[in-house]
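These protein sequences, in sequence, are chains A and B. Per the working numbering, residue 1 is the first one in the first sequence, and the count goes up by one each step. Per the working numbering, residue 1 is the first one in the second sequence, and the count goes up by one each step.
Certain hints may be false.
[Said to hold, decoys possible] Okay, derived cross-link-like pairs now, EDC-like style, lysine to aspartate or glutamate, Cα gap no bigger than 20 Å in a straight line:
1. Lys316/A x Glu343/A
2. Lys306/B x Glu169/A
3. Lys246/A x Glu335/B
4. Lys367/B x Glu169/A
5. Lys315/A x Glu239/A
6. Lys315/A x Asp243/A
7. Lys117/A x Glu335/B
8. Lys316/A x Asp243/A
9. Lys371/A x Glu39/A
10. Lys30/B x Asp294/B
11. Lys17/A x Glu39/A
12. Lys30/B x Glu293/B
Calculated from the structure, these hints are not laboratory results.
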Amino acid sequence: MIHDASLPEAELQQFQKRSLLVGIVGLALCGAGMLFNREEFFRSYLLAYLFWIGIALGCLAIVMLHHLSGGAWGIVIRRLLESATRTLPLMALLFLPIVFGLSHLYEWARPEALGDKILRHKSLYLNVPFFLVRAALYFAAWIAVVYFLNKWSLKQDQTAAPSLSRQLELLSGPGLVIYGATMTFASIDWVMSLEAHWFSTIYGLSFMVGQVLGAFAFVIAVAILLSSRKPLSEVISSEHLHDLGKLLLAFVMLWAYLAFSQFLIMFSGNLPEEIPWYIRRQQGGWRWIGLLLILLHFALPFLLLLSRSLKRDAKKLLAVAALVIAMRFVDLLWQVSPAFHPEGFHFNWMDLAAPAGIGGIWLASFARQLKGRPVLPLHDPFFQEAVQHGRE
Amino acid sequence: MKEPLKTVIVEPGKPPIIEPGHTFASVTDKISSVVLTRRTPRGWYLGFGVSFVLVMVLLYALGKLMVVGTGIWGVNHPVGWGFAIINFVWWIGIGHAGTLISAILLLLRQEWRTSINRFAEAMTLFAVACAGIFPLIHVGRPWLPYWLFPYPNTMGLWPQFRSPLVWDVFAVSTYATVSLLFWFVGLIPDLATLRDRSRRQLPRVIYGILAMGWRGSAMHWHRYEMAYLLLAGLSTPLVLSVHTIVSLDFAVSIIPGWHATIFPPYFVAGAIYAGFAMVLILAIPIRAIYRLEDFITLRHLDNMAKIILVTGLIVAYGYMMEAFMGWYSANPYEEYMVLNRMRGPYAPLYWALIACNALAPQVFWLKRARSSIPVLFIIAIIVSIGMWLERFIIVVTSLHRDFLPSSWGMYYPTVWDWATFLGTTGLFVSLIFLFVRFLPMISIFEMRTILPQARVEE
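Extracted from the complex, chain A is given alone in its bound form (with noise of 0.2 Å):
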């Protein structure tokens, strides 16, 4: 029996010392940054930051899936998610230098936006002060549904109640729920409005799949590299990893899935309102990067996936999971970078350091969430059995 679910806390504080480190260095450059080149550096902030919320999310997104569905694999991983959900408030605080650079990034909050008929018609929807007020509704209602996730389980592990795996259960459906509706606008709000003409009404949908695909590689990654140290050595098989794994090639395969859709009703439709998106989506050196998607988003990890002896050896699955992280990054690139960029492919240096900055800070708070909390629900009515699943 597992009686001490605390991990190595030098360690820890080392890496989140570390991670600290290069997230205050990265958010000073990006600050020098921003004297010389205010539009770039609200650009690579938002990617960066998109990216990171991301994960976040999806992990979110993950846990109350799991509390909804059960299974071993959910149970080994569940304070690894659960960890990266507290990390949302220090989340919300991150929005604010985005609140500061509407007008470089959206030009639907530039004065000249009444000009353009169509962003007449959205400024209903698309205008400063509802803009924010939507952002705070997100934010309120998500650290709400983190804040009850979290403590509930927590008292599950002093009180040992089931009962409070049952109330988790009723809180996953209607947080799911909320979570679909408020990400879905979101997504909207965020990114796809920085080409304020153009729309999808799967736009939403495949931008959650990309969350949760994200978080999922990330929480496999993290589960792996923790897998090596006690206590997650004694629970973590290749059982688990496998289940993992399966359910990474299935958000590999539905991530493809939307977008492909998306892109082949438009691409068939061929209307003006639509296709410019994938034109400046396929001009210069934008193109290649589409193509790399397709190859390493899709057609490389969909083919490892599929190797049964892959997703059970650590090593690869962690190679696997890294690609689909760096991708997701890629993915995240082509969506936002082309709608400042047309012309071609950008990359300027603060698309490096902002991730690493935003990063940095919020690998620092991962970790320090991580030590709080024993790293295993030992009180989790299903523990024994999941643990038991992965021996057999």
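Starting from the known structure of chain A, arrange chain B on it as the hints suggest.
Leaving out everything else, chain B in the frame of chain A:
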């Protein structure tokens, strides 16, 4: 320290998927007796009789169609796709639950699927059969369907591969073939059981031929398991692909109301939604009439209600996105299409659809509703009606007001439209009646594997 973990906890806190007290023999007896020994209930004759009358109606309507032509239907300019497409999409959607239960739930190791997969697969086949009739008769010359296939011919005729209607031909025929194979392969061990247990000569010969020499040897089982798993793998993409392509029939066009990127996932969810509603509509009476409450337990009904709730929420999400993007697009035609659905001549049907599909299943948030048989049955019927209305709204309201007001018009189905539709429901129900009478409606050998006795201690 490893010892205490050896005790296997079999799903603590979850109700059983088979009532306690059954043995290998009692399971076999109970399921095979419906086919072999029990007297056919009078209700069976009545039900089969009524549905067979509807089959006659179908044949009459089709005969009339062959003689006169598609002019007997309500389709005309601008609504060229009427009941034929609505019913095709409705029926093909219903089939998806069967494939989901048999393939995806098998791969996900959801044991509760065992008692419902057989008749859900049969439902899939019969629904696909009903669906297939419609495009065939809608082409106008049903005796030339092979023109749809790419084959070298002197007419220089080649299908237009850029059209999703041609993709449909391949998707649906693949779907029908794989579903039939999957169903038949799954039946083989049970057909052998029926062969061995039937006392009369004729059934023994027929079941014997169908059982293809099954003797239940270890080698047979080994190959069987392999084949079944491979077929499950093959069927899994079909759950997505068939209805995705059906959705592309609409979405690849540029008609407001059809050209929407959400269509593929939203159609797939709608198909599973309607399919599970149909499984409930069939399962609830069958378990009551044949006293199969031990096998199709409240847990099964509860799980299906949850799937209906989830897919219903995805469908509702689709409606929400369509309405929002209709406004957000700032395209006057898109906006008008949404407003026309809500306030135009077909508005009552639109609001009925919202009530049936988006509101009604919300009662399944309550455990009490999910465990009440009447509520489950009524909601399942409401959902089936709602999904039919959805296809009506998508097909008709998107077409009936074309870009120019001079090309506006109304669509009213004629008596022949209704006769054909009702006729296919008759065909579906009579096939189901024949199925429960002549084949084991629950998989006997798979039910035996979920008995506690079948769990081998390591």
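Do the hints match the structure? See the list:
For the hint pairing lysine 316/A with glutamate 343/A, the CA-to-CA distance comes to about 38 Å; that exceeds 20 Å, so the pair is violated. Restraint check: the Cα-Cα separation between lysine 306/B and glutamate 169/A comes to about 13 Å, which is no more than 20 Å; the hinted pair holds. At most 20 Å may separate the alpha-carbon atoms for a hinted pair to count; lysine 246/A and glutamate 335/B exceed this at roughly 41 Å. With a CA separation close to 13 Å, the supplied pair lysine 367/B and glutamate 169/A stays within the 20 Å bound.
At roughly 14 Å between alpha-carbon atoms, lysine 315/A and glutamate 239/A fall within 20 Å of each other, so this suggested pair holds. Simply put, lysine 315/A and aspartate 243/A have alpha-carbon atoms about 15 Å apart, close enough for the 20 Å limit, and the pair holds. With a C-alpha separation of about 15 Å, the suggested pair lysine 117/A and glutamate 335/B falls inside the 20 Å cut-off, and the hint holds. Between lysine 316/A and aspartate 243/A the CA atoms are separated by roughly 15 Å; this keeps the pair inside 20 Å, and the hint holds.
Note on lysine 371/A and glutamate 39/A: the hinted pairing is violated, with a Cα-Cα distance of about 38 Å set against a maximum of 20 Å. Simply put, lysine 30/B and aspartate 294/B have alpha-carbon atoms about 10 Å apart, close enough for the 20 Å limit, and the pair holds. Among the hinted pairs, lysine 17/A with glutamate 39/A is inconsistent with the structure: their alpha-carbon atoms are about 31 Å apart, more than 20 Å. Of the supplied pair hints, the one linking lysine 30/B and glutamate 293/B holds, its CA atoms being roughly 11 Å apart against a limit of 20 Å.
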